[in-house]
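Peer 1: Spelled out from the first residue to the last, the chains are:
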Amino acid sequence: MASDTIALGIADQDARPIGEKLHDWVVTVDHKKLGILYILYSLLFLVIGGVEATIMRIQLIVPHNHFVSPQVFNRMFTMHGTTMIFFVAMPILFGFGTYLIPLMIGTRDMAFPRLNAFSFWMTAFGGLLLYFSFIGGNGLYGAGNAPDVGWFAYAPLTSRAFSPGHSTDFWTLALLISGIGSIGTAVNFITTILCMRCPGMTLGKMPLLAWLNLVMGGLVILAVSPLTAAQIMLSIDRFLGGHFFDTQAGGAAVLWMHFFWIFGHPEVYVLIIPCFAFASEIIPVFSRKPIFGYPVMVGATVAIGFISMSVWAHHMFTVGMSSYGNAFFTATTMVIAVPTGIKIFNWIGTMWGGKIQFRAPMLFCIGFLFQFLIAGLTGIMLGASPFNWQLGNSYFVVAHFHYVIVGGILFTIFGAFYYWFPKMSGRMYNEALAKWHFWLFLIGFHLTFDFMHIPGMLGMPRRIYTYEPGRGWDIWNLIVTIGVFFQIAGVLVFVVNLLWSLLKGEPAGNDPWDAWTLEWSTTSPPPDYNFATIPVVESRRPLWDIKHPEDPDWKYE
Amino acid sequence: MKSNEQTRSLGRKIAGIAVLLAGGLLAATLCFGAPASSAQAPSIFKPQSTPADSIFRLSLLVLTITGLIFIIVFSLLVYSVVKFRKRGGDDGREPPQVYGSNQVELAWTVIPVLVVLVLFFATARVIHSIQDAPKPPGTIEVIAIGHQFWWEFRYPTLGVVTANELHVPVSDPSHPSPTFLTLLSADTDHSFWVPRLAGKTDLIPNRENHTWIDPHETGLYLGQCAQYCGTQHAKMLLRVYVDSREQFDRWVQDEKKPAVVEEQVGEGRRIFETTACLNCHAVSGTVADGHFGPDLTHLMSRATIASGAAANTPEELKMWIQNPDSIKPGSLMPAMQLNEKDLDALTAYLVTLR
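Residue numbers (the numbering used here), protein chains in the order written: chain A, -16 to 540; chain B, 639 to 992.
These are computed hints drawn from the structure, not numbers from a lab. Note that the Cβ used here is the ideal one computed from N, Cα and C, for glycine as well. It is possible that part of the hints are untrue.
Footprint (simulated), chain B over chain A, 3 or more residues, beta carbon under 8 Å [as the list claims (entries may be wrong)]:
#1 324 to 330
#2 333 to 343
#3 365 to 371
In silico BS3-like links for lysine-lysine, alpha-carbon gap of 25 Å or less [claimed, not checked]:
#4 B:K979 x B:K956
#5 B:K721 x A:K338
#6 A:K538 x A:K338
#7 A:K418 x A:K530
#8 A:K530 x A:K338
#9 B:K979 x A:K530
#10 A:K487 x A:K4
#11 A:K338 x A:K418
#12 A:K418 x B:K724
#13 B:K721 x A:K418
#14 A:K338 x B:K979
#15 A:K16 x A:K487
#16 A:K16 x A:K4
All chains, full assembly: derive it from the sequences and hints.
Peer 2: Quick look at the structure:
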């Protein structure tokens, strides 16, 4: 099977003029090209969002700093949050899913290739619309440019009275449009995974990556729909005289919070579950063992998916819910630690007794395990609602969710990037540069986000453009900002590595990691049709069965 | 080749140590860094009131349990990464393929469930003790109203209105005199947070929230708005003065008096009452009864202006009237466009409002 692929006149494609090749990328419905488009688009926004974060950290390096005005600072944290969640984390994970799912389940494309292209372009134009607010947000009112309402845009700050001009409308429409793209992608993932698996691949024999993306797709549909509804309601308030969230006319500010967080909390799992999927593919290969407790891993993921729909109001412990409400959401929030803990133990179980190879993808996954452990534990602290009354909306919360999103999600994304780069480009990355990237980013990450917990416990709220000296916050803010520059250095090494490897990297071959899932059975990069003949599988590790005919997996599953 | 392997294994050791250090660093800072910090810090670990104290004691339990979990799982991780690394001189064969173990899975499901149960019951007790606390006789009632970007405090039973600096009596545990606050908002969402006295509670328009404090020691407690409320969210600072009972009663008596009018500042008063000042500010006993900005009847009884953004001195006051943006860019008070003479006269009037 590994040698079954045949070249069908691909060689002469490179001779075409550059315009034609670019045109090819714009009109493509090929899941591999769309996946790469998603990833490149997200990396561009990652840099933009990073610049916004750097501006904020320079402003906060000392108390009473005058690097930017409060207006600019408020726009920066709004744009940073919105960009990183909606135009970096989600699309890059959709990109990996779009690229990998058909290859890993042994099919030739997504179930709906044109919906796939439509979804990508909706997301892409959503991002452009958001950033057009820097030019167009003034409207005719001369009131601000980019939105400054915070990424969760609490009512009534978004009402016409407090947010004149069109900046908030750009935010609303950008999320509405990219949300439609997200739902399209989710429908496509679910249909592809349920309907297009190759012969022999029962649900119990799917790679974990497919299982976890299936759960993620379900969560996207359940979570993004209420967000879309809320954006439409907000637009009705702003343009048609509605009063859903307009408190001056009797609307309910808390209603918006419920709508936003019933999206916002499952969203965290929409982002982290595909990252669990990367870890569940990478850790076994570099430990040279199958994943420990596959059925339990699937069960834990499904459990996380269900429980995550019932925890949203733990973002609202300070809005004055009854003691019963607070107790209920404390319980659900803590219960989610159980399946999450099971996953961490299973990854340790996978490494246990293995022969761990410290290549870049594995290093990033080990970093993820350490950091996600800490993020989970600070999550339990925040889940205990009275403790949350102190820690909520402080820098402790900012440190906590960056521990999840950077320490957990971004680390595994970098790991996944190095792991599948040889497959996507056909060339190996530079291992030495990748390790520099890892260590610089690790040091920067810990300088920034470890020390960020402390000012929160000392009473520093989030979203303040400046702070008073003498409250014990100064030294911690200085260290936090220094860490940012290590992270920037790490990302620069990453970009250099990416460009260098694309041009000069060694040819990777089909299967550089001696891995076990179907994507490694075809060429690197895979041909347009992925597989010349559709593979037939008998176990969760079809390539292991081929490489070890004396000891195949299907005997034990 | 050999030296290459040595460098690699050395590299791995360094890697292991670095990861250990990184984790240890966080644990250490969480444990020691926070409490050891500046004496003025509004730290959640230096509680001076029952709600903050109950939360502090709960947090010690939560930190102990999560700390133990951290040490156990962290050690397991480090052990497996170090012990099961691929070593030099490896025979190149695949390790034994293990697919899982139901007993082990059951163990690491049941133990976390038990831990969660303990945490939940401990937390539920504290939720109930804070949120459902009865009001003893002798409770002080305060209505706190959040504005962009300042605090209005009304004492309905005492007939006092003030801004930004809350005065409450110290509460002696044998004769408790806690302060119960009703939290309202005039515009956007805000959050009342004085870390050493209580956790935060939001002030939301069209909604009535409640919180309470019973400070055990006199003194000044710092806090600030903890829910993003607009441009100057950062300078919506909050000061709570905990007075002895006598001090508090004297403060109430002083605050209840109407403004004292002094003849020599009549010009400043005329300017105040004939320009836009009185649209937003009230001075009791005069025609000024605006409610958009802070009540100025006893302005000089407060240590700060602009919601804690500047000291309440004649110089700062003058700068504030002349150009509020120089102290608090984006505040809703407009620059008054007065000439130097009028500015001085107005400032002279305001500093008589004791």
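Peer 1: Are the hints correct? Go through all of them and say.
Peer 2: For each hint, the structure was consulted:
1. With 5 residues having a beta carbon nearer than 8 Å to a beta carbon of chain B, the segment 324 to 330 of chain A meets the requirement of three or more and the stated coverage holds.
2. For the segment 333 to 343 of chain A, the stated coverage by chain B is satisfied: 8 residues place a CB nearer than 8 Å to a CB of that chain, which reaches the threshold of 3.
3. Coverage of a stretch by a chain is defined here by at least three residues with a beta carbon nearer than 8 Å to that chain's beta carbons; for the segment 365 to 371 of chain A and chain B the count is 5, and the condition holds.
4. As the CA atoms of K979 of chain B and K956 of chain B are separated by approximately 11 Å, the hinted pair is consistent with the 25 Å bound.
5. As the CA atoms of K721 of chain B and K338 of chain A are separated by approximately 9 Å, the hinted pair is consistent with the 25 Å bound.
6. Between K538 of chain A and K338 of chain A the alpha-carbon distance is near 23 Å, which keeps this suggested pair within the 25 Å criterion.
7. At most 25 Å may separate the alpha-carbon atoms for a hinted pair to count; K418 of chain A and K530 of chain A exceed this at roughly 30 Å.
8. Simply put, K530 of chain A and K338 of chain A have alpha-carbon atoms about 18 Å apart, close enough for the 25 Å limit, and the pair holds.
9. Between K979 of chain B and K530 of chain A, the direct Cα distance comes to roughly 93 Å. Violation of the 25 Å bound is thereby established for this hinted pair.
10. Our distance criterion of 25 Å between C-alpha atoms is met by K487 of chain A and K4 of chain A, whose separation comes to about 21 Å.
11. About 19 Å separates the Cα atoms of K338 of chain A and K418 of chain A, which keeps this hinted pair within 25 Å; it holds.
12. As the CA atoms of K418 of chain A and K724 of chain B are separated by approximately 17 Å, the hinted pair is consistent with the 25 Å bound.
13. For the proposed pair K721 of chain B and K418 of chain A, the alpha carbon gap of about 21 Å is at most 25 Å, so the pair holds.
14. Distance restraint check for K338 of chain A and K979 of chain B: the Cα-Cα separation of roughly 83 Å exceeds the 25 Å cut-off, and the hinted pair is therefore not satisfied.
15. At most 25 Å may separate the alpha-carbon atoms for a hinted pair to count; K16 of chain A and K487 of chain A meet this at roughly 21 Å.
16. Between K16 of chain A and K4 of chain A, the direct Cα distance comes to roughly 12 Å. Compliance with the 25 Å bound is thereby established for this hinted pair.
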